[in-house]
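Visitor: Protein chains in written order, with UniProt numbering: chain L, 1 to 209; chain Y, 1 to 209.
Simulated from the structure, these hints should not be mistaken for lab results.
Cβ coordinates follow ideal geometry from the N, Cα and C atoms, glycine included.
Treat each hint with caution, since some may be false.
Under 8 Å between C-beta atoms, here's a sample of chain Y residues computed to sit facing chain L [unchecked claim]:
{"no.": "1", "residue": "37"}
{"no.": "2", "residue": "40"}
{"no.": "3", "residue": "41"}
{"no.": "4", "residue": "59"}
{"no.": "5", "residue": "122"}
{"no.": "6", "residue": "157"}
{"no.": "7", "residue": "161"}
{"no.": "8", "residue": "165"}
{"no.": "9", "residue": "168"}
{"no.": "10", "residue": "175"}
{"no.": "11", "residue": "187"}
{"no.": "12", "residue": "189"}
{"no.": "13", "residue": "198"}
There are 2 protein chains.
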Amino acid sequence: MPRPSPTREAPRRGRPGYDQETVLRHAIDLFNRRGYDGTSVGDLARELGLTKSAIYHHFPSKSYLLQAALTEALDALEEVVDTAATAGEDSGPSAYARLESVLRQAVGVLVEHLPAVTLLLRVHGNSDVELDALRRRREIDAKLAALVRAAADEGSLRADIPPELTSRLLFGMVNSLVEWYRPEGRYDAAGVADAVIRIAFEGLALRGE
Amino acid sequence: MPRPSPTREAPRRGRPGYDQETVLRHAIDLFNRRGYDGTSVGDLARELGLTKSAIYHHFPSKSYLLQAALTEALDALEEVVDTAATAGEDSGPSAYARLESVLRQAVGVLVEHLPAVTLLLRVHGNSDVELDALRRRREIDAKLAALVRAAADEGSLRADIPPELTSRLLFGMVNSLVEWYRPEGRYDAAGVADAVIRIAFEGLALRGE
Chain L
1 MPRPSPTREA PRRGRPGYDQ ETVLRHAIDL FNRRGYDGTS VGDLARELGL
51 TKSAIYHHFP SKSYLLQAAL TEALDALEEV VDTAATAGED SGPSAYARLE
101 SVLRQAVGVL VEHLPAVTLL LRVHGNSDVE LDALRRRREI DAKLAALVRA
151 AADEGSLRAD IPPELTSRLL FGMVNSLVEW YRPEGRYDAA GVADAVIRIA
201 FEGLALRGE
Chain Y
1 MPRPSPTREA PRRGRPGYDQ ETVLRHAIDL FNRRGYDGTS VGDLARELGL
51 TKSAIYHHFP SKSYLLQAAL TEALDALEEV VDTAATAGED SGPSAYARLE
101 SVLRQAVGVL VEHLPAVTLL LRVHGNSDVE LDALRRRREI DAKLAALVRA
151 AADEGSLRAD IPPELTSRLL FGMVNSLVEW YRPEGRYDAA GVADAVIRIA
201 FEGLALRGE
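When you get a sec, could you build the whole thing from the sequences and use the hints?
Guide: Here it is as structure tokens:
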């Protein structure tokens, strides 16, 4: 069997963006723009200038692409939440300090994994893959609520807002990044995290009013 | 032509939920659960136990249903924002007071029109109807940002967060209601609005820390 000549090999190796990772990035982008249900593997193939079978070479199904995206987002968020929970054992930092740290790191995850988290936050629960992601999301939300409750219980937070409602609103503020944050925009993750933490803990009104 | 007998008329008039408004409510609910692109008029007909032609008797197209839903949400939000803007003319209430009022009323609109606003906040821009809704949303966002800027300019808000970023985060917190608010849950609109305003202006940390 003849070895492929360099000239035959070159075009294939030289065309950028046909590894598994690139197919996944384009898929996430397309799912976010058109909705997962509104996107077919044929749409993705056209977007990449590939055949459908070339897509299937990398991923066995559209659902597998979705699962890979959701897992990326969930793993990153879970790590932030679980690190904060573990740090609280054996008289570690206060719940207040851990809540501040989680808010900061959650903003970091959203900025770093923006397309995957955007997809996660729009999941409807139309399939087993989506239902599984929603289950993991609920576990994360429950751990966040427990952390807010711990900060309230240690007396660090005002007592006139139920901790569960505080948790919804705080992480609602963080999650809103998927709607408006633009990587090429004027704010970096640290700047957004500072603003979130200032509003959340200190509020916007000038002191002494 | 014989008049329909009462017994023939009764089942038609007695079956609930086949007026235009009810078809729209079911359509919005289905769009939110499955995604607009993932829902067909056939799905809606099945959901209501109607034929497709019975649906088309009420609405000329799926896109018309979407437009009706988005218009409901946008009209309600625009009214809140425009009322706040008008109130500021002729030395009316301060921008700070108007911002507080807009936050409270925006929570009210989200609670009252939750399904329609949920649909609005998930629009992708896949059609002229969606693009038009996104354009109106951007106008609302710009007016909200202008109000936050006016409150900052009058010296009511801390100066270390850019007003545009503050606006994104505040209304991100409000908009998060579409993700977690349940009408049958433990919080009413006034309770959520109080919590939003306390966090936004006073912050969660106990004073004097």
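Visitor: Given residue 198 of chain Y as an interface hint, is its Cβ closer than 8 Å to any Cβ of chain L?
Guide: With Cβ-Cβ at 6 Å, under 8 Å, it holds.
Visitor: At a threshold of 8 Å, is the proposed contact between residue 175 of chain Y and chain L supported by beta-carbon distances?
Guide: Check passed: Cβ of residue 175 of chain Y comes within 6 Å of chain L, closer than 8 Å.
Visitor: Hint check: is the beta carbon of residue 161 of chain Y less than 8 Å from a beta carbon of chain L?
Guide: 5 Å, holds
Visitor: Would the stated hint for residue 189 of chain Y survive a check requiring a Cβ distance to chain L of less than 8 Å?
Guide: Where the cut-off is 8 Å and the nearest Cβ of chain L is about 13 Å from residue 189 of chain Y, the hint is violated.
Visitor: At a threshold of 8 Å, is the proposed contact between residue 168 of chain Y and chain L supported by beta-carbon distances?
Guide: 5 Å, holds
Visitor: Verify the interface restraint on residue 187 of chain Y: the C-beta must sit less than 8 Å from at least one C-beta of chain L.
Guide: For residue 187 of chain Y, the interface hint holds, since the closest Cβ of chain L sits about 6 Å away, which is under 8 Å.
Visitor: Once the shortest beta carbon distance from residue 41 of chain Y to chain L is found, is it less than 8 Å?
Guide: Because about 15 Å separates residue 41 of chain Y from the closest Cβ in chain L, which is outside the 8 Å limit, the hint is violated.
Visitor: For the hint on residue 165 of chain Y, just tell me whether its beta-carbon gets within less than 8 Å of chain L.
Guide: Holds. Min distance 5 Å.
Visitor: Any CB of chain L closer than 8 Å to the CB of residue 37 of chain Y?
Guide: 3 Å, holds
Visitor: Using 8 Å as the Cβ threshold, decide whether residue 59 of chain Y counts as touching chain L.
Guide: 20 Å, violated
Visitor: Does residue 40 of chain Y meet its interface restraint, that is, does its C-beta lie within less than 8 Å of any C-beta in chain L?
Guide: It is violated, given that the least Cβ distance between residue 40 of chain Y and chain L is near 11 Å, above 8 Å.
Visitor: For the hint on residue 157 of chain Y, does the least C-beta distance to chain L fall short of 8 Å?
Guide: 5 Å, holds
Of the hints listed earlier, those the structure fails to meet are numbers 2, 3, 4 and 12, in rising order.
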